Every structure is written in structure tokens, then in C-alpha cells.
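Fit chains B and C to the known structure of chain A by using the hints.
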Amino acid sequence: MDFLKGTGVTLRVTFIGLLLGMALGLPLALMRTYGSKPVSKFAETYIALFRGTPLMVQLFLIYFGLPDFGITLERLTAACISLGLNSAAYQAEYFRGAFTSIGLGQMMAARALGMSKIKAIFYIIIPQALRLVVPGWANEAIGMLRASSVIFLIAILDVMGVGKVLSGRYFTPMASYSAVAIIYVILVLSMGWGLNKLENSLRIPGLQVELRK
Amino acid sequence: MLFPELLEAITSKVPWNIILNTFQVLLKGMVVTVEVAVGALFLGIVLGLVLGLGRVYGGSLVSKVIAIFVLILRALPPVLTIFILFYAVTSIINLPPLLAGILSLGLSSGAFQAEIFRGAILGVPDGQMISARALGMTKGEAIRTIIIPQAFRLAIPSWSNEAALVIKNSSLVYVLGIPDMMRQAQYAAARTAEPFLIFSLTALAYYLLILLANKGLSALDQKFRIPTLELEL
Amino acid sequence: MNNQPVIACQDIHKKFGQTEVLKGVSFDVFNSEVIVIIGPSGTGKSTLLRCLNLLTIPDQGKVWLEGEEITAPKVDINVVRQKMGMVFQDFNLFSHLTAIDNINVGLEKVCHFKKNEANEKALMHLNQVGLVDKKDLYPGQLSGGQQQRVAIARALAMDPVVMLFDEPTSALDPELIGEVLIVMKNLAKSGMTMIMVSHELGFAREVSNRIIFMENGVIGEQGSPEKLFTNPQNARTAQFLHKINELYGSTEEEQIAGKDVL
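Protein chains in written order, with our numbering: chain A, 1081 to 1293; chain B, 0 to 232; chain C, 25 to 286.
If you are wondering where the hints come from, they were derived from the structure by calculation, not from laboratory data.
Model, not experiment: these values are computed from the prediction.
Take the hints with a grain of salt, since some may be wrong.
Stated by the list, open to error - Below, simulated DSBU-like cross-link-like pairs (lysine-lysine); rule was C-alpha separation at most 30 Å, straight line:
#, chain 1, residue 1, chain 2, residue 2
1, A, Lys1197, C, Lys107
2, C, Lys209, A, Lys1117
3, A, Lys1197, C, Lys133
Said to hold, decoys possible - Chain C stretches covered by chain A per the calculated footprint, using a threshold of three residues with CB under 8 Å from any CB of chain A:
#, region
4, 103 to 109
5, 127 to 136
6, 221 to 229
7, 250 to 264
Ideal placement from N, C-alpha and C gives every residue a C-beta, glycine not left out.
The shape of chain A in the complex, shown without the other chains (with noise of 0.2 Å):
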């Protein structure tokens, strides 16, 4: 029962945290990509700054730095947050990656026709950016739903959490954190095959999809 609790905390938590990844990510590639000096510099540094970090030391800032300041976050809110602010620097790389790959003739033709930059960017290249990403986000969210795990460091009880609880009660650790394993396992393949299902709906075709391994 424990179990299934703690699995909903980690569904949700992951859940959140690639929807905030992503809300942030997107805007973040597109300053890096076409902004100005300043602007693509900024993303640039927020995306070295939280891929060049280990998840936990951000999670652990922001949860137990930032009370500092006066800003003090319940548990759940702080994980998301952490976590969606991680996910958002490797979401901007997979937008970029895709940004670039659809090239700047696309663009140029946009413009020429009489787009603005706005345009030519909302209606040309983030439709099929949005396909080119999928398969580095379908990557993005099963890495998150593994990343998640971290959260139990400030006594989150999602799945991990819960297994080590259990461990700590009963004297089995072997047992307890099987489980856990089993249930990440499925969670893990589950969600690659309905991500591949995704994928395949969304193929145009001829529009190159980037194969990422």
C-alpha cells in the first residue's frame, strides 16, 4: 500500500517537474538560439551552470540554502522546483539541438515571404521543433523519472523513500529496496513504450527525425 503512495508521489513529482523543464527550456533555447549577445550568454551560463552540478547539491540549495533568505518551501514544492530547473537545462540543449538541425534556410524563406522573427519562429520552427524533440525528451523523462529518486534525501516518501522506511522498519533491507527496484523497472518500461508510441504518432512523413541513441 506504502508502496502505492510512494509511487504516486514519484509519478507526480516527475510529472512536474519535466512540465516546469520544459516551460523553462523552451524559452531558454530560443534565447540561446536567437537572442541577442546578452540574452543567448545568460542561457548559455544558467544551462553550463545547472548540467555542470550534481542534481542533489541543487536540490539541497534550494531546500535548505535558500531559508536564508527567507524563502522557505515545503518539501514536495522544493523538489519540483529543483528538479524542474534541472530538467529545464537539458530540455534547452535537445530544443537547441533541434533548433539547429531544421537550419536556417527554413528561416530565410520565412523571412522573405514577410515574417517577423516572432513569427517565422512560433509558426515555422517550433512545430517542428516540438516533433524533432521528442525522442531527446522522450530520453529527458525517463532520465527524470530516475533522477526523482534524489528526493527522498530530504524525506520525500516517493518510491524510494517509502523502500527505505520499510527497510529501516522491518530489518530487510535486500527485500525492501528490490521492490523498489522492480517497481522502477516497470515505471521505466512502461513509459519508454507509451514515449515510443508517441513518437511513431507523431512521425511526418519526411521530416527527419534526429536518431538519438
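Frame of chain A; chains B and C shown alone:
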């Protein structure tokens, strides 16, 4: 004009003694972190190569078994792998936490490196193997002298990525009580009651470590680069 | 009738890094003229074309469209570009849209047409290039020649006053070049003002009013096809034309080879 005031503000407001102390402490932890990361990466290479080669050249049954093994390990969060291995191993033999940490991290990394090497081996054009065999080499000789050197170069970018990942994941071994950077940071944060400062410095320390690793691997990449036609674009 | 040039440029300079690609180019194009710009690679022909619709901003010099200076500071370049159609060497069709939607998107999002009005107009232009039956296919499903024809229809749908072609057939397989040239020939016949960068000398000879030969970032020579092919003033022009004729073969080759142009 405002210089002396500015200087005074900097020297009094900023807790320099804490920062200096933290650096000392983090440095101690960094040694351990590097030990763990390097140990894990090394184990990972060995495991990854064996699994990768086995997957590509091992024949249908071996390939499938390895594929499932790798799939499971890649599906599990690194923390979990660390825990499971730690409890599994320490119930049989008494392993010092440091080794247990390196072992579990190495196993997890090995599964990912297996995929990297598999991709790199498959990335070498088919024609290379064919010509090697046509010259009369055995499969083993061909793999050793023709395929692996080329696959090695193809693998460097993805491997640099994995190296950075292992350095970051090494922070997870602190749960086993290993005195790496993360644990030192926690002690310092508790001691000084300045968590934001401490963890910011810790983040900086990891960042610099990864930067260094990337620079080193980049240099390696340059050194082993096979000269090609450099296009003047 | 207004004898003002449809499009004019004066003293265009452009540098890329250390290399100065355009070193002072000026010319006028009048209504219904078909201009073909030829010359060795790297002489800035494509750059010049892109300076005309400001996809590349010249370092120096001015451009006028229908008498209005478009290089002036306060000009809304997006409005100006609607009046100039551009066709690219690599087609640059929008990969995520069907053929007809490639044309619709400009009409709906830039000209603010209603959906059905846009569709009607798009169909008409697709018909103009002979591809109505392919309207629901994606660019990835079309051949190069078909893609380029859709690209031409896309540009025409904006009702431009001048069409700019940047080596429209250079990326096409030989068998597919013909279908694109036919469309362009018909367009010229209908009176559209066209400026084209191309290696298709046969086409240039047949359809153009004026050929501009570019070399070293400036205009080496310009004149009617007959003049340039049979009696070029500039030695380099003759050299270039002779080389190209050798490559593609021409019935006039003997004439040119025979003439002593030095």
C-alpha cells in the same frame, strides 16, 4: 574615492573565514570524490567494453542476456543501485564503504558505457571489418587492431558526457557514509549554519571539477584525432 | 507609364570577415525585365540578391523598391519583403506543412487572409505551377523539381512586384531542371519582373532581356544576351561564357570559339 569604503564592505560583510575554511574542508572531500569517480569510471570502462563487445559480437543468446542486464541497470536510479549492491555485498563480505561505493557506481556506469561502446563499435563502417577479413585476419585480430581503435575515437564525445555524469552521481555515495565532498559540505553546513553559502561553494567545486575533466578529455580527443580533410568553410 | 525602375541598387558593398565580397554594385531593373546574373563562383552573386531583400544587410549602399528607399532606417522590412518573392537553391519549403499549407501560411499569417480565401488563392497558384494534385503531400514526399515549383508558387502567392531567384535549378537532378524552367519561362512571358542568379545559359539566352556578368565583386559587363554571347566587350566575360558553353554544350559554340575576342 569610494574604494576604501568598498574594500571595507567586502572584507567585513563577506564571511571570508568561513569561505576559506569551507574550501579546505571541500578539498579534503574532493580527494575522495575523485577517488570514487575515477574508480567507478575505470570499472565502468572494463565492464562496458566487455558488455559492449559481447553485445555486438557475442552471438544471439549472449547478446540478448547482456541486453536485458543492461536494460535493467539503466532503468534503475543510481542511488538504488548503490543501496542494493551495498546491502547485497556487505551481507556476504565486509566491504569498506569506499569500495562498495566504487563498485556500485562502477556497475551502474558500466551499463551505460556498454551502450556507448556498442554504439561506437556499430558506428565503425561495415567495410572496415570486411576488408580486414579479406586480408586474412581472424575476427579477433580484426576487432583488436581495426575496430576498437576507431570505435575508441567515436566514443570519446559520449564518454566525456558519461564522465561528467559519474562525477555528479558520485555525490550519491555520501549516503553510505563516505566522506566525499557532499558529506563534507553537509557537516560544514550544519556546523556553520550557512547552508546557502556552503552549498553554493560545493556547487562551484563540482563545476570546476567537471570543467577540468572535460578539458582533459578534450585534449585527449585532440591528441587522438585522425587527420581528415579540414574544410575551409 | 512610369519609367521608374521597379528595383534599384546603388554602390552596394559587403564584407564577410576580412573578405570583401561586393565592392560597389549598382544597377536598375525596370518593369517586366528578366535579368540573369552570371559569373564565376564566389563573386557575390547570391550575396547581391540577398542584399536586395535585405536578408543580408549591405555595409554600404542603398536599395530602392518602386521608388521607396528600403535601406532607410525607419522602414518596416517585413512589409517590404511581401512585395519581393524569393526562390532559394535549396527550396526551403516548410517541412512540417503540406504543399498547399506552405502557400497558405504566408497568406494567412502575413497577409491576414481568411482560411478559405487563402486556400482558394493557394490552389490557383499551385495550378499555375501544375501541382494541384500534390497539394496534400509533404515536402519530404515530393521530388526536387516539385518542391521547387511549390516554392515558386509560395513566393508568387504573395503577389510580389519582383521575383528573385537564387540559383533555382543548381540543386536539381538534370531531368528535373526542365519542369522548373518551364514554369519560369511562363512567368517571364506573363510579364513578371525577374532577377535570377543562374548557370542556365540556354535559358538566359532565350528568356532574358539583360545579362549581368559579375566578377571580383563588381559588374564586369552587362547587356542583351545577343550582345554578350556574340560580341562581349570584356575578355573575362568571353572566357567565362566559353568555359560554360564547353561544359553544357551549345550549338553556338563554334561561333564564339571562332571569334577572335582578344
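Hint-by-hint comparison with the structure:
1. Only pairs whose Cα atoms come within 30 Å are accepted, and Lys1197 (chain A) paired with Lys107 (chain C) is accepted, the gap being roughly 17 Å.
2. Among the hinted pairs, Lys209 (chain C) with Lys1117 (chain A) is inconsistent with the structure: their alpha-carbon atoms are about 45 Å apart, more than 30 Å.
3. About 13 Å separates the Cα atoms of Lys1197 (chain A) and Lys133 (chain C), which keeps this hinted pair within 30 Å; it holds.
4. For the region 103 to 109 of chain C, the assignment as covered by chain A holds, since 6 residues bring a beta-carbon within under 8 Å of that chain's beta-carbons and 3 suffice.
5. Residues of the region 127 to 136 of chain C lying with their CB closer than 8 Å to a CB of chain A number 4, which satisfies the three-residue condition for coverage.
6. Beta-carbon proximity to chain A at under 8 Å applies to 0 residues in the region 221 to 229 of chain C; the threshold of 3 is not reached and the given coverage is violated.
7. Chain A is given as covering the region 250 to 264 of chain C, and this is violated because 0 residues of the stretch bring a CB closer than 8 Å to a CB of that chain, at least three being needed.
Figure legend: structure checked against the earlier numbered hints; hints not met, in rising order: 2, 6, 7.
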